[in-house]
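Engineer: If you're matching them up, the sequences are chains A and B in order.
1 is the number of the first residue of the first sequence in the working numbering; add one for each residue after it.
1 is the number of the first residue of the second sequence in the working numbering; add one for each residue after it.
Because the hints were derived from the structure by calculation, they are not lab data.
For every residue, glycine included, the Cβ atom is placed at its ideal position computed from N, Cα and C.
It is possible that part of the hints are untrue.
Far from chain A by the CB rule (all over 12 Å, computed), these chain B residues [unchecked claim]: (1) 94; (2) 208; (3) 211; (4) 289; (5) 318; (6) 323; (7) 347; (8) 356; (9) 410; (10) 421.
Distance condition first, Cα-Cα at most 20 Å in a straight line; then the derived EDC-like pairs of lysine to aspartate or glutamate [as the list claims (entries may be wrong)]: (11) A:2 x B:89; (12) A:127 x B:75; (13) A:2 x B:83.
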Amino acid sequence: MKLTMWTYEGPPHVGAMRIAASMTGVHYVLHAPQGDTYADLLFTMIERRQSRPPVTYTTFQARDLAGSTADVFKTACRDAVDRFQPEALLVGASCTAELLQDDPGGLAKTLDVDVPVVALELPSYQKKEAWGAAETFYRLVRHFAGGVSRPSEIAPNSCNILGPTALGFRNRDDVVEIRRLLEEHGLDVRVVAPLGASPADLARLPDAAFNIVLYPEIADVTARWLKKTHGMPFLSTVPIGVQATRAFLAEARAMAGLPAMVDASNEQERSTWYAKSVDSNYLTNKRVFIFGDATHAIAAARIASRELGFKVCGLGTYMREFARDVREAAEQYGIEALITDDHLDVEQAIIAARPELVLGTQMERHIAKRMRVPCAVISAPVHVQDFPARYSPQMGFEGANVIFDAWVHPLMMGLEEHLLQMFRDDFEFNDGAAASHLHETGTAKAPVDAAPIIMPDAVDQPVGWTVEAEKELKKIPFFVRGKARRNTELFAAGKGIQPITVETLYDAKAHFAR
Amino acid sequence: MNQPLPTPCNTGSTIRQRGQHEVFCGLTSIIWLHRKIPDAFFLVVGSRTCAHLIQSAAGVMIFSEPRFATAIMDERDLAGMADMHDELDEVVEKLLERRPEIRMLVLVGSCPSEVIKFDLGRAAERLNARYASRPRVLCYSGSGIETTFTQGEDNFLAALVRGLPGDIRSGRPAQLVVAGSLADVVEDQMARLLADLGIEDVVFLPGRSSDVLAPIGPQTRYVLAQPYLGATAAALESAGARRIDGIFPLGEEGTTAWLQAIATTFGVSASRFEAVTAAPRRRAREATAHYRPWIEGKRIFLFPDSQMEPSLARYLNRELDAEIIEVGSPYLHREHVAGELAMLPPGVSISEGQDVEVQIDRCRAARPDLIVCGMGLANPFEAQGLVTKWSIEFAFTPIQGYEQAGDLAELFARPLMRQGLLSGAASPSRRVAS
Numbered sequence: 001m002k003l004t005m006w007t008y009e010g011p012p013h014v015g016a017m018r019i020a021a022s023m024t025g026v027h028y029v030l031h032a033p034q035g036d037t038y039a040d041l042l043f044t045m046i047e048r049r050q051s052r053p054p055v056t057y058t059t060f061q062a063r064d065l066a067g068s069t070a071d072v073f074k075t076a077c078r079d080a081v082d083r084f085q086p087e088a089l090l091v092g093a094s095c096t097a098e099l100l101q102d103d104p105g106g107l108a109k110t111l112d113v114d115v116p117v118v119a120l121e122l123p124s125y126q127k128k129e130a131w132g133a134a135e136t137f138y139r140l141v142r143h144f145a146g147g148v149s150r151p152s153e154i155a156p157n158s159c160n161i162l163g164p165t166a167l168g169f170r171n172r173d174d175v176v177e178i179r180r181l182l183e184e185h186g187l188d189v190r191v192v193a194p195l196g197a198s199p200a201d202l203a204r205l206p207d208a209a210f211n212i213v214l215y216p217e218i219a220d221v222t223a224r225w226l227k228k229t230h231g232m233p234f235l236s237t238v239p240i241g242v243q244a245t246r247a248f249l250a251e252a253r254a255m256a257g258l259p260a261m262v263d264a265s266n267e268q269e270r271s272t273w274y275a276k277s278v279d280s281n282y283l284t285n286k287r288v289f290i291f292g293d294a295t296h297a298i299a300a301a302r303i304a305s306r307e308l309g310f311k312v313c314g315l316g317t318y319m320r321e322f323a324r325d326v327r328e329a330a331e332q333y334g335i336e337a338l339i340t341d342d343h344l345d346v347e348q349a350i351i352a353a354r355p356e357l358v359l360g361t362q363m364e365r366h367i368a369k370r371m372r373v374p375c376a377v378i379s380a381p382v383h384v385q386d387f388p389a390r391y392s393p394q395m396g397f398e399g400a401n402v403i404f405d406a407w408v409h410p411l412m413m414g415l416e417e418h419l420l421q422m423f424r425d426d427f428e429f430n431d432g433a434a435a436s437h438l439h440e441t442g443t444a445k446a447p448v449d450a451a452p453i454i455m456p457d458a459v460d461q462p463v464g465w466t467v468e469a470e471k472e473l474k475k476i477p478f479f480v481r482g483k484a485r486r487n488t489e490l491f492a493a494g495k496g497i498q499p500i501t502v503e504t505l506y507d508a509k510a511h512f513a514r
Numbered sequence: 001m002n003q004p005l006p007t008p009c010n011t012g013s014t015i016r017q018r019g020q021h022e023v024f025c026g027l028t029s030i031i032w033l034h035r036k037i038p039d040a041f042f043l044v045v046g047s048r049t050c051a052h053l054i055q056s057a058a059g060v061m062i063f064s065e066p067r068f069a070t071a072i073m074d075e076r077d078l079a080g081m082a083d084m085h086d087e088l089d090e091v092v093e094k095l096l097e098r099r100p101e102i103r104m105l106v107l108v109g110s111c112p113s114e115v116i117k118f119d120l121g122r123a124a125e126r127l128n129a130r131y132a133s134r135p136r137v138l139c140y141s142g143s144g145i146e147t148t149f150t151q152g153e154d155n156f157l158a159a160l161v162r163g164l165p166g167d168i169r170s171g172r173p174a175q176l177v178v179a180g181s182l183a184d185v186v187e188d189q190m191a192r193l194l195a196d197l198g199i200e201d202v203v204f205l206p207g208r209s210s211d212v213l214a215p216i217g218p219q220t221r222y223v224l225a226q227p228y229l230g231a232t233a234a235a236l237e238s239a240g241a242r243r244i245d246g247i248f249p250l251g252e253e254g255t256t257a258w259l260q261a262i263a264t265t266f267g268v269s270a271s272r273f274e275a276v277t278a279a280p281r282r283r284a285r286e287a288t289a290h291y292r293p294w295i296e297g298k299r300i301f302l303f304p305d306s307q308m309e310p311s312l313a314r315y316l317n318r319e320l321d322a323e324i325i326e327v328g329s330p331y332l333h334r335e336h337v338a339g340e341l342a343m344l345p346p347g348v349s350i351s352e353g354q355d356v357e358v359q360i361d362r363c364r365a366a367r368p369d370l371i372v373c374g375m376g377l378a379n380p381f382e383a384q385g386l387v388t389k390w391s392i393e394f395a396f397t398p399i400q401g402y403e404q405a406g407d408l409a410e411l412f413a414r415p416l417m418r419q420g421l422l423s424g425a426a427s428p429s430r431r432v433a434s
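Given these sequences and hints, build the entire structure.
Structural biologist: Below is the structure:
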């Protein structure tokens, strides 16, 4: 038994729903009590889809337990096939139905419905959402692409894109971006799955020369199986960030037998120049804490470190299945990866790492908000606002532009850092002045000294400040004062200094300047 | 599958359906209960699905740290490799270390814990003994195989009544218990009105803190402020309290009738009743009138959600002149809603339970002007050009009482006004002030 207030992942049958909802012609009959129907709103409210996910729940009740829940399941199956006439029927059980041991797969086979049935065994008490999605995709592909034979003549530039799903973080836009890039480079994208694919499309997967795995969490197992069964090679460099996109394109071209690129520049790509430009100087070594799914977290660390000049002070994932990859990535930044699905552990790690920017999921967004640290969301689980109306990919060159904006904007107070240093005595920029866009109500108080940004646990008791030291602290611009106070107190606590004097303040400044 | 049942009221037969139900389970009532009783903490004993449900349904991501959590059972628990009671004790210990301010810990049963017959009552007893009732530990079931949405609150309130410790029974007994959680602002208004009517020793259930509950005895009368409280009513009656029958306090008419039932029981004079209620009644009518032009003559279809649907339909029909096509309710407590059903116009379809697909077919065929439905259905209906109202708002918005009558009307009017704005259509039959 495990105590949790927030959970990064839903149960595995929600992963299966994500696959069903991604595809066309698939219907999922889920043996589940009525409470489980909440999962519909993930698609209709959070993703704002126009249709309900293609799922029929049996919604058995307590009184059914005395009779036959198996009959309830069979009726629901028949009704669903009659009503929706799917090309393929997925059947499975949620956590409660799993306890009833009705065997949906076996029952569905006895029904003689005229539709291929793919039975799912998703152990709810062991596994989670991403695993459930990967397993469901694999089962479907295996079912529809298992018996087919690979054509003898295959165009070498033909490929499939595997992994994008409903509820995935910006997957909808990533697919558009990557498909466009590949086609610009002369590749022929045949099937994108599961997002937008039908069972018939899955049967066509072996007709392409190779596969591209955009989201290993969803498609890694399937790609390996296609390699083993049909000898299809696959490419799994994730094109998030400028450098990774370049590497991705080079690999894709090589796999497609196309000549190497002469000029890898892309005129749409702005993030490299923006990162180099002089007003990005303030980004240098900003401490960034990263947590999310493995794909996005690893990519974020790489971009942060290599493309934006940040310092990665924390990196982790809630996906144990990908712990090894994240650990390897973390080593490159000289830190230890945080592998946990307990958001309280993540909170502790964030406090300890004292970041200036958090890149994470909705959970980290709230942790960061509480600590008054800027934050951008980079990974599922997500909120309705992470399905923006605008085109907002994470992958490819346009994705890199989007990421530059999304990560740098929360730090924009920092952009003013050096300007405000120059204008610190200006009447407009002192901490008593209202925000410049509120000039008419100049008497309004600005949100003064939002600090302490982070109260480190190491500081057991508040450290006292001498009057002079407090006065000196006030001379530091308000937007960095919280950090200065925090660092000084941390320094004083570490050295056992009490009270804090002007001397301590500058000792700490020297210490942290490093 | 859908057989009509005879009902005693004049509304024709009830459609009873089995099939896919598209209603939240009782766990979700934790979302408002934990806000209503700030010193209580709700611990769901369940699966990852339960945790994900509450997180998704509540949009709890807006809270930094909610006052509810899930003890997720895993394979070790089910395989008997670990003693679930020991495991639960450990989880509770961990929780109390983290949140020592908790004064009432509520263990909430879920579908999987019910199916494996995990005895939460025994666990609560043991924990009460262990912590000497600091915090007090209660339990109830919010499982989806037994409860829908608001029935979780019903089970919780029933547990509160049953769990009344003997030692606080020594106080002055309650004259009147108002059962069913109301927003604080509504509760305060009701308390003022009841005080003005001269009724003393009024207790609201649930109270705003976990330890306030006066003794309930044979002299206690109780009135339901919510229509979904069958188990709570039974618990109150077994403690000796007697129910005051009435319709529910929605709209000017509903609130007046509800207060009148109480006033009659306590022998309040007609003149005093008139004096106390005249001004708020006028305000309620005035506020409602602003929105009537948007709703009058509109055809409305209510999907089942909170069991408040019969009261909402009565209000829509009688105070806003809407035409009601179907009133769905996850469950009908025939005795408690008899008054409401009797006030619906003859011929209105009433459905209990649902087969959501069949109900969607009926709804589409009727082409209503407004559909009141759950979150899973709303956007897909909108995508088909139908106008919807999320039913969950009726559980979260203060809508009871005189001062909220206009707000209640606005909840129905807003999607229609919005449709007008976005489609460029003219305003309704009459011009609406501001």
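Engineer: For each hint, tell me whether it holds in the structure or not.
Structural biologist: Against the structure, the hints come out as follows:
Not every beta carbon of chain A lies more than 12 Å from that of residue 94 (chain B), the smallest distance being close to 6 Å; the non-interface claim is violated. Even its closest Cβ contact with chain A, about 23 Å, leaves residue 208 (chain B) beyond 12 Å, as expected for a residue assigned away from the interface. Consistency note on residue 211 (chain B): stated as away from chain A, and its beta-carbon is indeed over 12 Å from all of that chain's, at 24 Å minimum. With a cut of 12 Å on Cβ distances, residue 289 (chain B) stays outside the contact zone with chain A, its closest approach being about 33 Å.
The non-interface label for residue 318 (chain B) is consistent with chain A: the shortest C-beta to C-beta separation is roughly 31 Å, beyond 12 Å. No Cβ of chain A comes within 12 Å of the Cβ of residue 323 (chain B); the nearest lies about 27 Å off, and the non-interface call holds. With a minimum CB-CB distance of about 29 Å to chain A, residue 347 (chain B) clears the 12 Å threshold, and the non-interface call stands. Here residue 356 (chain B) does not stay apart from chain A, with its beta-carbon only about 8 Å from theirs, under the 12 Å limit.
The Cβ of residue 410 (chain B) lies farther than 12 Å from every Cβ of chain A, with a closest approach of about 22 Å, so its non-interface assignment holds. For residue 421 (chain B), the shortest C-beta to C-beta distance to chain A comes to about 19 Å, beyond the 12 Å cut-off, and the non-interface label holds. A hinted pair counts as satisfied when its Cα atoms are at most 20 Å apart, and residue 2 (chain A) with residue 89 (chain B) qualifies at roughly 11 Å. Note on residue 127 (chain A) and residue 75 (chain B): the hinted pairing holds, with a Cα-Cα distance of about 10 Å set against a maximum of 20 Å.
For the suggested pair residue 2 (chain A) and residue 83 (chain B), the alpha carbons sit about 13 Å apart, so the restraint of at most 20 Å is met.
Consistency with the previously given hints fails for numbers 1 and 8, ordered from lowest to highest.
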